[in-house]
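Novice: First to last, the protein sequences are chains H and D. Take the first sequence: its position 321, counted from the start at 1, is 321 in the numbering used here, and no numbers get skipped. Take the second sequence: its position 123, counted from the start at 1, is 123 in the numbering used here, and no numbers get skipped.
It is worth saying that the hints were derived from the structure and are not from the lab. Hints may contain errors.
As the list claims (entries may be wrong) - Only pairs whose alpha carbons sit at most 25 Å apart, straight line, appear in this in silico BS3-like list of lysine-lysine:
1) Lys160/D / Lys208/H
2) Lys353/H / Lys58/D
3) Lys177/H / Lys257/H
4) Lys353/H / Lys57/H
5) Lys292/H / Lys328/H
6) Lys331/D / Lys353/H
7) Lys300/H / Lys92/H
8) Lys257/H / Lys208/H
9) Lys92/H / Lys189/H
10) Lys57/H / Lys292/H
11) Lys333/H / Lys92/H
12) Lys331/D / Lys189/H
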Amino acid sequence: MTDVAKNLQLTEEEFLLNMGPQHPSTHGVLRLVLKLRGEFIEDLTPHVGYLHRSIEKIAENRTYAQFMPFTDRIDYCAAMPCNLAWAVAVEKLAGIEVPIRAQYLRVIMTELNRIASHLIYLGVMSLDLGAFTPFLYTFREREWILDLFEMTCGQRLTYNYMRFGGVSRDIPPEFAKSCKDFTKVFRKKINDYEALFTNNPIFLTRTKNIGILPIDIGLDYGASGPTLRGSGHNWDLRKAQPYSSYDKFNFNVPLGKTGDVWDRYMVRILEMRESCDIVDQAVEGLPEGEIKARVPAAFKPPAGEVISRVESARGEIGYYIVSDGSTKPYRVKIRTASYGNLQVLRYLSRGWKIADLVAIFGSLDVVLPEVDR
Amino acid sequence: MFELSGLVQWIYKIIAGISTSLGLPEIILDVILIALMAGAIIAFLMLMALFLIWWERKVAAHIQDRLGPMMTGWHGWAQTIADALKLLQKEDIVVANADRKVHYWAPVVAFSICFAVYAVIPFGKGLIAADVNIGILYILAITTFTTISLLMAGWGSNNKYALLGGMRSASQIISYEVPLTLSILGVVLMAGTLSMGKFVELQGPYFWKWYIWPQFLGFCIYVVASTAELNRTPFDIPEAEQELVAGFNIEYSGMKFAMFFLAEFLNMFTVGAVTTTLFLGGWNPPFPALAFVPSWAWFLGKSLFIVFVIMWFKWTYPRLRVDHLLGFAWKVLLPLAFLNLILTAVGVTIF
């Protein structure tokens, strides 16, 4: 603490508060060193790295296929997009064509996972603001999505579902009905959440005009996803650079106006509705055919390098792969959305109170394992 | 038929008989009686606190689509007893460099104050320990001590989170004390008395005569301000879990923590009891025809309903921020309370 105190140069009226690594609202293991004047935050330093697991280094010692389960562990709240990003990157490297049915299945799973992840955001955000009950409501709905995943791939959290050239298993016959029931019921549940929050005066005073993120600052720090779309930046990889046949679906990209905590909340609420639409379209228009292209067992992509990214629930997740033509990647660099989103926290929370810091941090929807990898 | 006042008089007669037969001076008789009353109230309140904690957990669980404690007895009725026993066995930890005396006495102060209030609460017909003529003033004076206990806990713990919690609670309780007192003054003006027993008598067993109707604004202000006094959501900023971890009681463990916890629930019942007495006719039934239900049951039912409403707040709303909270007290509640007071004064003068 003493060296930190020296760096922050405290005056007499200021004091230092160590928030975390263990703290109810740091969403994992994040340490924030706050310089406070009373309740006001003069400055803060986020210390990351408590959850570092060397996933990038592990990739160098695994074959391409063996690394797939590790991608689940990057962001356990939205493991499907992490899976998908790795599959898309390797397919781009090796030039593998994915059957159209597999692409649709990927879309269904990724969008369901986006809803599940946004539900965690909503529950935890409400918890951060002191309302305990919505947390359990969102987890009740998330349970249904996890049941759908379990039905398909046997896993509830870390799916290991994507394969190079397709997916591991086809959906079971009862999936389509259950999925349609879910989207039907879930749209009503979103109305319930909105009734609890959107125009709740306490929620409005806690979120409106708090933690405003200008677009240029967000871009400079590398923020992405709903965090940046909340400020009105129209950039969604599903629209901008469609992958996995996202261009075949009809959906909107919700945008915020001011970029405050409330806008980031609203963008995610609307995204859940859009994801419901995409899932419905994909389940209805699911084409027949193969679910996996033929990829040799001893898979050796050609030497070269590739960069590829997809839109995860939190923003852009991308892989940069350098291949030397062997069965293992030479180097893998993972670009995760949470890392960029966390960087804006310092900018956003200076001058606000501790209670606002919690709201702002909740609205960024950071998953700490994704930050540290 | 089931009135407890008969039982009380019967006990009184027995003890008075014994003491006169032994030839004891009257003061000893008084001391014995006061000790008995205090013992009865404390026993009742301890049971009530245990019940309220179980009830809060059940209310929360059912609001949240859960069942809550189910394993210990019928619907988990013994869960709080088990928890209290567990807390009793826990090690009492005092942090290094804590202000040990302050740290030690803070829970004691918090815990003992909430019992003192019940000396003037009319639990039922003839069930009031001391019907002093300044009952409500006494309650207001005593409940303010809660701030001191929270400040003591915040200061004595040598913890920054606890200190922030203590600071917040001081500013919060002092702010909300003002509209709270003003909202009660409306009732006092109408009744023309400060005695808790008189309030109940004046309202009588006719629900249209209860002070909640002419004093509806005062009633609302009182419930909101007392929720703030209780440090409960949406006003629970002194112990805001997501910001200050646990606020003022962060460094307390074992029974000292339990004392804060029990005190919080007892204070909640105090609010229910005072609201019932001031606004809801106390132990009176709503119609004279319903008088066959004993008066203490009416009192308990009404008080527990108010407690339930306060619990309902907690499990529905998010938390306010500290400056909004104070702004709400000074900019909204205080003018409304003044308005209420002026209107009541005018009304009382005219009619």
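Novice: Looking at the structure, which of the earlier hints fail to hold?
Specialist: Result: hints 1, 2, 3, 4, 9, 10 and 12 break, sorted rising.
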